[in-house]
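Engineer: For the record, in the sequence shown the residue sitting at position 41 is 41 according to the UniProt record's numbering, with numbers rising by one throughout.
To be clear, the hints were calculated from the coordinates, so they are not data collected in a lab.
The beta carbon of each residue, even a glycine, is placed where N, CA and C say it ideally should be.
Keep in mind that the hints are not guaranteed to be accurate.
Distance condition first, Cα-Cα at most 30 Å in a straight line; then the derived DSBU-like pairs of lysine-lysine [as the list claims (entries may be wrong)]: (1) Lys60 <-> Lys89; (2) Lys35 <-> Lys59; (3) Lys59 <-> Lys89; (4) Lys60 <-> Lys35; (5) Lys33 <-> Lys11; (6) Lys59 <-> Lys33; (7) Lys60 <-> Lys33; (8) Lys11 <-> Lys35; (9) Lys59 <-> Lys31.
With beta-carbon atoms standing in for the labels, derived distance ranges [what the hints assert, rightly or not]: (10) Val87 <-> Phe66: 23 to 33 Å; (11) Leu58 <-> Arg12: 47 to 57 Å; (12) Pro82 <-> Arg8: 56 to 66 Å; (13) Tyr85 <-> Gln27: 36 to 46 Å.
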Amino acid sequence: SEQIQLRRLMKRDRCSEDVARDYISVQMPLKDKIKFANFVIDNSGDLSETERQVTNVLKKIQPSLFSWLLIWLGPPLLATLPVIYIVAK
C-alpha cells in the first residue's frame, strides 16, 4: 500500500514525510506498476506468507526437467536430422 511505501521510504532514507511524499509523487503509482508485472509478491504481511508467495512464483517460473531437456538438447538433435536423413538414404 501507499502507506507502507511511505513508511519504508522514510525509514530507509531517514527523511521527512514531505520529502518522501515528493519522491513518491514523481513515480508511477503502485496500482499502475502492478499492471506491468508478471508476478506480484506482497511483502507487507508476515515472513511465512511472503515465503509462501515466493515459493509459488518460483514453481511457476522454474522450468521442468522436460522443458530444460527440450531447450538444451532440442537444437542439437534437430541439427543432426538432415545428416541422419542423408546417411540413411
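Engineer: Which of the listed hints are not met by the structure?
Structural biologist: 1, 3, 11 and 13
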